[in-house]
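**Student:** The listed protein sequences derive, respectively, from chains S and R. Residue numbering for the first sequence is 1 to 252, as defined by the numbering used here. Residue numbering for the second sequence is 1 to 198, as defined by the numbering used here.
Incorrect hints may have been included.
[As the list claims (entries may be wrong)] Below, a list of computed lysine-lysine pairs in the DSS-like style, where the Cα atoms sit at most 30 angstroms apart: (1) S:LYS94 x S:LYS179; (2) R:LYS50 x R:LYS70; (3) S:LYS94 x R:LYS37; (4) S:LYS132 x S:LYS41; (5) R:LYS110 x S:LYS94; (6) S:LYS158 x R:LYS110; (7) R:LYS191 x S:LYS236; (8) S:LYS41 x R:LYS198; (9) S:LYS16 x S:LYS147; (10) R:LYS124 x R:LYS110; (11) R:LYS198 x R:LYS62; (12) S:LYS41 x S:LYS16; (13) R:LYS110 x S:LYS243; (14) S:LYS158 x S:LYS179; (15) R:LYS62 x S:LYS94; (16) R:LYS110 x S:LYS41; (17) S:LYS206 x S:LYS163; (18) R:LYS70 x S:LYS243; (19) R:LYS198 x R:LYS72; (20) R:LYS198 x R:LYS70; (21) S:LYS147 x S:LYS179; (22) R:LYS191 x S:LYS163; (23) S:LYS41 x R:LYS124; (24) S:LYS163 x R:LYS110; (25) S:LYS94 x S:LYS243; (26) R:LYS110 x R:LYS72; (27) R:LYS191 x R:LYS37; (28) R:LYS37 x R:LYS50; (29) S:LYS94 x R:LYS124; (30) S:LYS158 x S:LYS132; (31) S:LYS94 x S:LYS132; (32) S:LYS206 x S:LYS16.
Just so you know, these hints were derived from the structure itself, not from any lab. Quick caveat: nothing in here was measured; it's all calculated off a predicted structure.
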Amino acid sequence: MIAKRIIPCLDVKEGKVVKGTNFVGLRELGDPVEMASNYSKAGADEIIFLDISATNEGRQTMVDIVRQTAENVFVPFTVGGGVRSIEDVNRLLKAGADKVGMNSAAVQNPSLITESSERFGAQCTVVAVDAKSVGDSWHVMTHGGSKDTGIDAIEWVKEAEAKGAGEILLTSVDTDGVKNGFDLDLTEAVVEAVRIPVIASGGVGKPEHFPEVFNQTNVSAGLAASIFHENTFTVKEVKNVCKQQGVNVREA
Amino acid sequence: MIAIVDYGMGNVASVKNAFQNLGYEVTITDSVAELEKASHIILPGVGSFKAAVQEIEDRQLKEPLRQLAKDKPFLGICLGMQLLFDRGYENGIAEGLGLIPGEVNRIETKYILPHIGWNQLQIKMGHDPFTPFQDKHVYFVHSYQARTEQDYLVATTDYGTTIPAIVRSGHVFGIQFHPEKSGEVGVGLLKVFMEETK
Numbered sequence: 001m002i003a004k005r006i007i008p009c010l011d012v013k014e015g016k017v018v019k020g021t022n023f024v025g026l027r028e029l030g031d032p033v034e035m036a037s038n039y040s041k042a043g044a045d046e047i048i049f050l051d052i053s054a055t056n057e058g059r060q061t062m063v064d065i066v067r068q069t070a071e072n073v074f075v076p077f078t079v080g081g082g083v084r085s086i087e088d089v090n091r092l093l094k095a096g097a098d099k100v101g102m103n104s105a106a107v108q109n110p111s112l113i114t115e116s117s118e119r120f121g122a123q124c125t126v127v128a129v130d131a132k133s134v135g136d137s138w139h140v141m142t143h144g145g146s147k148d149t150g151i152d153a154i155e156w157v158k159e160a161e162a163k164g165a166g167e168i169l170l171t172s173v174d175t176d177g178v179k180n181g182f183d184l185d186l187t188e189a190v191v192e193a194v195r196i197p198v199i200a201s202g203g204v205g206k207p208e209h210f211p212e213v214f215n216q217t218n219v220s221a222g223l224a225a226s227i228f229h230e231n232t233f234t235v236k237e238v239k240n241v242c243k244q245q246g247v248n249v250r251e252a
Numbered sequence: 001m002i003a004i005v006d007y008g009m010g011n012v013a014s015v016k017n018a019f020q021n022l023g024y025e026v027t028i029t030d031s032v033a034e035l036e037k038a039s040h041i042i043l044p045g046v047g048s049f050k051a052a053v054q055e056i057e058d059r060q061l062k063e064p065l066r067q068l069a070k071d072k073p074f075l076g077i078c079l080g081m082q083l084l085f086d087r088g089y090e091n092g093i094a095e096g097l098g099l100i101p102g103e104v105n106r107i108e109t110k111y112i113l114p115h116i117g118w119n120q121l122q123i124k125m126g127h128d129p130f131t132p133f134q135d136k137h138v139y140f141v142h143s144y145q146a147r148t149e150q151d152y153l154v155a156t157t158d159y160g161t162t163i164p165a166i167v168r169s170g171h172v173f174g175i176q177f178h179p180e181k182s183g184e185v186g187v188g189l190l191k192v193f194m195e196e197t198k
């Protein structure tokens with residue numbers, strides 16, 4: 001059966017991998033192509049680049065990074081961040097990305113999901129959702145998790161699926177950066193609401209957090225950034241812990 | 001020189017990169033003259049069966065590809081593998097290259113489609129060069145599958161139903177998953193194809 005995926009995420013700003021998505025105290029960590037290649041060799045099942053560049057030059061640089069990554073990395077990779085139009089999707093896919101993630105633009109204009117899905121296929125159309133707990137429900141947040149749209153997150157993932165999304169990249173704004181584990185309630189609620197794969201993101205502080213989310217929810221993949229970048233843990237260590245706890249993972 | 005057939009169905013750069021990574025010279029072309037000069041023909045592809053057949057016919061490549069497959073090692077990848085068979089039923093019926101007997105239909109499974117992600121190979125008996133890849137994970141993205149005779153199956157995968165993963169008829173090979181996206185295992189399988197057709 002299909003293996004659960006372990007996905008390192010690289011935040012890229014103006015061509016460099018940086019730490020911290022809150023735009024404060026950003027620290028450069030290295031070259032994105034080199035880091036993606038190393039993760040792929042270490043057993044990552046997929047790589048996600050999140051472009052947080054603020055300039056057009058930065059976005060153009062991202063296209064070059066995608067091209068170079070396609071030449072050097074032989075596992076699937078996804079690019080998200082700053083995708084506003086079908087032309088952006090086309091440009092990134094043409095450069096060699098396997099999937100493209102859309103976030104705020106999809107919320108503002110859900111037909112972008114349909115357009116991408118019909119033109120390029122659902123398998124490369126990823127909708128990224130940042131959700132925050134508000135009362136008894138979760139709201140969709142945009143603009144890097146800072147703006148509450150008031151939209152119910154569960155209703156939104158259902159709509160995204162109906163519009164043609166092939167996968168949901170779900171980030172919990174509440175657990176992101178806290179390092180206390182994935183948001184299990186949110187992840188379970190989203191996984192049960194859709195029939196497409198869901199990637200859980202936000203909150204990993206140690207390898208055990210992966211088997212926890214895989215064993216307690218039907219999520220397809222788990223994403224983490226800092227535990228891999230700071231060399232605290234390798235992908236292989238995470239997979240070993242998963243295996244010990246009965247999770248079906250790919251042995252690289 | 002390995003020739004990758006360029007017929008407008010999907011990004012072929014990754015396939016080229018994977019072969020180059022193994023040290024081979026690769027060209028991407030839709031010219032019959034170029035294909036005739038090549039040692040190996042690779043037919044990649046992402047999209048629907050019928051659209052692919054149309055693109056191949058528009059470029060007047062169908063008969064040349066059939067002829068080339070008679071004496072050159074030939075590898076179809078993903079949709080390119082499906083095109084090796086007699087016909088496909090995606091968005092209506094279309095005639096494939098007919099290099100391996102069989103048909104391509106939608107996967108019938110209780111699981112969600114597309115079948116996307118890392119799934120494990122089951123290698124059939126009698127295919128020794130492939131046995132090191134038993135239980136290895138490779139990366140699939142598809143909703144349709146080949147239905148062919150046992151004799152042509154080299155490897156299958158299980159997705160609530162048995163799906164042909166690698167097929168072979170002499171020097172004509174087909175790979176349903178994406179070897180160029182399957183890490184070292186995928187690159188290793190491309191190497192086996194090259195060694196088996198030396």
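**Student:** Which constraints among the numbered hints does this structure fail? Numbers only, ascending.
**Tutor:** 1, 4, 5, 16, 17, 18, 22, 25, 26, 29, 31
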